[in-house]
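*Asks:* Since chain A is already given, all that's left is putting chain B on it; use the hints.
Number of protein chains: 2
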Amino acid sequence: GPFLFFGNFDVESRSRVLCISAEESVPVSFQWDKNGYLYPTQIAQYGLSHWSKSLRMSGPPNRTVYESGLPGATANWDGDTLRVDNLKCIHFDSDISLKLSSTKKILFFDLWPSENVTISLSILMNKTQRVHLVYTPGKGHTVIFTYSEERSKMRFTRNIHNDLLKGGVITQSKLKRALPFIERIKFSGVGCLSNLTLSNEEHYQMFLSAADWFLRNQDRNGAGMVFGMAQGHALSVLSRAYVSSGDPKYLEAASKALPLFSLPSSKGGFKAVFLDSYVWYEEYPTNPPSFVLNGFMYSLLGLYDISTLVAGEDDITSSEARGLYEDGLSSLLDMMYLFDVGYRSVYDLRHFSMKSPPKLARWDYHSTHINLLYALSSVQNGSSQGQMIEIAERWTNYMLGDYSEHN
Amino acid sequence: GPFLFFGNFDVESRSRVLCISAEESVPVSFQWDKNGYLYPTQIAQYGLSHWSKSLRMSGPPNRTVYESGLPGATANWDGDTLRVDNLKCIHFDSDISLKLSSTKKILFFDLWPSENVTISLSILMNKTQRVHLVYTPGKGHTVIFTYSEERSKMRFTRNIHNDLLKGGVITQSKLKRALPFIERIKFSGVGCLSNLTLSNEEHYQMFLSAADWFLRNQDRNGAGMVFGMAQGHALSVLSRAYVSSGDPKYLEAASKALPLFSLPSSKGGFKAVFLDSYVWYEEYPTNPPSFVLNGFMYSLLGLYDISTLVAGEDDITSSEARGLYEDGLSSLLDMMYLFDVGYRSVYDLRHFSMKSPPKLARWDYHSTHINLLYALSSVQNGSSQGQMIEIAERWTNYMLGDYSEHN
Chain A
10 GPFLFFGNFD VESRSRVLCI SAEESVPVSF QWDKNGYLYP TQIAQYGLSH
60 WSKSLRMSGP PNRTVYESGL PGATANWDGD TLRVDNLKCI HFDSDISLKL
110 SSTKKILFFD LWPSENVTIS LSILMNKTQR VHLVYTPGKG HTVIFTYSEE
160 RSKMRFTRNI HNDLLKGGVI TQSKLKRALP FIERIKFSGV GCLSNLTLSN
210 EEHYQMFLSA ADWFLRNQDR NGAGMVFGMA QGHALSVLSR AYVSSGDPKY
260 LEAASKALPL FSLPSSKGGF KAVFLDSYVW YEEYPTNPPS FVLNGFMYSL
310 LGLYDISTLV AGEDDITSSE ARGLYEDGLS SLLDMMYLFD VGYRSVYDLR
360 HFSMKSPPKL ARWDYHSTHI NLLYALSSVQ NGSSQGQMIE IAERWTNYML
410 GDYSEHN
Chain B
10 GPFLFFGNFD VESRSRVLCI SAEESVPVSF QWDKNGYLYP TQIAQYGLSH
60 WSKSLRMSGP PNRTVYESGL PGATANWDGD TLRVDNLKCI HFDSDISLKL
110 SSTKKILFFD LWPSENVTIS LSILMNKTQR VHLVYTPGKG HTVIFTYSEE
160 RSKMRFTRNI HNDLLKGGVI TQSKLKRALP FIERIKFSGV GCLSNLTLSN
210 EEHYQMFLSA ADWFLRNQDR NGAGMVFGMA QGHALSVLSR AYVSSGDPKY
260 LEAASKALPL FSLPSSKGGF KAVFLDSYVW YEEYPTNPPS FVLNGFMYSL
310 LGLYDISTLV AGEDDITSSE ARGLYEDGLS SLLDMMYLFD VGYRSVYDLR
360 HFSMKSPPKL ARWDYHSTHI NLLYALSSVQ NGSSQGQMIE IAERWTNYML
410 GDYSEHN
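Each protein sequence line maps, in turn, to chains A and B. Residue numbers for the first sequence follow our numbering, beginning at 10 and rising by one. Residue numbers for the second sequence follow our numbering, beginning at 10 and rising by one.
Hints were generated in silico from the structure; no laboratory data involved. None of the values given here were measured: they were computed from a predicted structure. Where a beta carbon is used, it is the ideal one built from N, C-alpha and C, also for glycine. Heads up, a few of these hints could be off.
Residues from chain B that face chain A, not an exhaustive set, calculated with beta carbons under 7 Å [stated by the list, open to error]: (1) Asn71; (2) Tyr75; (3) Leu284; (4) Ser286; (5) Ile325; (6) Tyr346; (7) Val350; (8) Gly351; (9) His360; (10) Phe361; (11) Met363; (12) Pro367; (13) Lys368; (14) Gly410; (15) Ser413.
If we strip away everything but chain A, and leave its shape as in the complex, we get:
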């Protein structure tokens, strides 16, 4: 099913999202670093929001394929192209361009870049304004969007509307009324391309981009950094990617991560323990632990997802995840009360573990706490469900101005 309320999220249009990385096809944040940063939590949220949106679609994407690379189907390119049979693509070594004449907003194609490939789109914003969106290779140049040429073949997927927004061409409110018209696409440099397509939506592809990013990130980094700070989300992404695609690489990546939930954070894992009594999965492993509530509950959701979605297919992974989930859940059922400060929830327990002033949860995090409690309660029953709903309702009332009573 959809992941929580994430179908209502539009991660890539958030102001703290710099752009969607052309290389990774996942959002680049400047929440933590002004130069842009691949923030795993945001990537996972991007994936899960597109997953949820893809479930809302009534049918498959409405696609127009301009260049399939197949024999006899080569498009009417201006410029010299050469079909490469074995790769099912066309080669170019000088400027080529193609008339698109479409208002569909999602552009994607496969690219084998060889040398200085630059892509530009000419777009009519209205009767008088024409803009050019340019994607160029390289790092550190003054370019609008960058990708590297490290990988031999890449799937290039762009939401053109979002790029216009992030490029500062148009505001969110104006974009709602405008219907940008994609006139032409131009490729410069040397490379091969195929499957050039415009589509009304590619939520599932965008979801898979996020899942693939976690796969690549797991390959690139050591065990402790497998999922950065988003282990819970990552499990939710990977388990959905596995079930929807059937590709075992996603399951493998997820099950590789599970032992980290049993490994203390001091040794590179996610596990913390509250006063020798309660297991906790840390979103940001710190010493002493922070006990961040929302990250912990996302971990529980991820563990629940993987244990449920692969049950019957990989019982070892499923039962390992189930055990971790049950352990964490019993911590939550006791410890959630420590996050209740009588008129709000707190974001974490650093005020206890690090003796710092309490961190009240911002209202958006407070409501995330509530949503996560409802989500987790929905797969419980009996008294533990009742406990979670009681807290969720009390916390909802705090949003309406309620205060706890005095002694």
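*Replies:* Relative to chain A, chain B alone:
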């Protein structure tokens, strides 16, 4: 020295204090029971406030002794009296009365009641209003003040102003301007009396009344109920009574109570443990424990008092109390952070131990928390002092409208 800010308290004039028990010479509360109830915490506070007030006095009480019971000193009684040499008192078996003509507000005498002793005072409130304060024996009768005849000799001490107040004769604000004039005292029934005195203040005697109540209560009740819910206060009272009077019975009572601090509350002691990690002394032993903050800090003060005041005189008691104090203090230094909810303190941790809604501290309890932190910090040094002062200052700022920051 004075006990905290208790010198500013006027326990017996509080609206929830029904009266001062004529039998016990300690306040009777109707905070918990409309029929009146001897509430140990209130009795201890009564004692400690009079202790603190007695330290403020520049000299001994200004007393007028009307009847000492000594040979040749018998007062000019109206009615038949008989001096009893061995008890140094006078006997009466019909109405006797004596002119007092004084504005001193504290009346005390020793009484050996035999049969239906009733005491009445005629008091001129102003030029036209005369009232009669009547103290009669018995329980459950419609009387103004009651005492029982269980004990053979009793010290009868009354603050006449407070009795006028509690009897509804005059309001607090009018009492400040009035100067009630005690005309006469009358004794009816059969009994003996001695040491009939009017005095301007008897704070030290009133303090000792509270200490004596704890002694009697310890005799009457089993180990677990030695001090009711006021073990911390009781230790502060008893240690002061011992040091000021030199009477070992107070020290003995205090040291008898110390083992209860090591005894689990489930076995009738005061000790609770937070998650197998932190020792706590319970004000109201409950199952599961409540972790009431102010009671715990009063216990620490009491333990500190006894360990300090008897050091060098009873090293066993002193070091036992010191050990209990140190254990509790290290719990406080970690656990006080759990009472910080970012804009207020909570009264207890029942929201964790019993999963009930958090109990925010009323502002008066919040300020008590702050005062207790300052008091305890004043006998610490180094980082633990700094920690306590940091929290006390943060909590003070909450009273000025400060909130903790958001994530």
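*Asks:* Indicate, hint by hint, whether the structure satisfies it.
*Replies:* So, going through the hints one by one against the coordinates:
no.	hint	in the structure
1	Asn71	violated (41 Å)
2	Tyr75	violated (47 Å)
3	Leu284	holds (4 Å)
4	Ser286	holds (5 Å)
5	Ile325	violated (33 Å)
6	Tyr346	holds (5 Å)
7	Val350	holds (3 Å)
8	Gly351	holds (4 Å)
9	His360	holds (5 Å)
10	Phe361	holds (5 Å)
11	Met363	violated (9 Å)
12	Pro367	holds (4 Å)
13	Lys368	holds (5 Å)
14	Gly410	violated (14 Å)
15	Ser413	holds (5 Å)
Checked against the numbered hints given earlier, this structure breaks hints 1, 2, 5, 11, 14; the rest are met.
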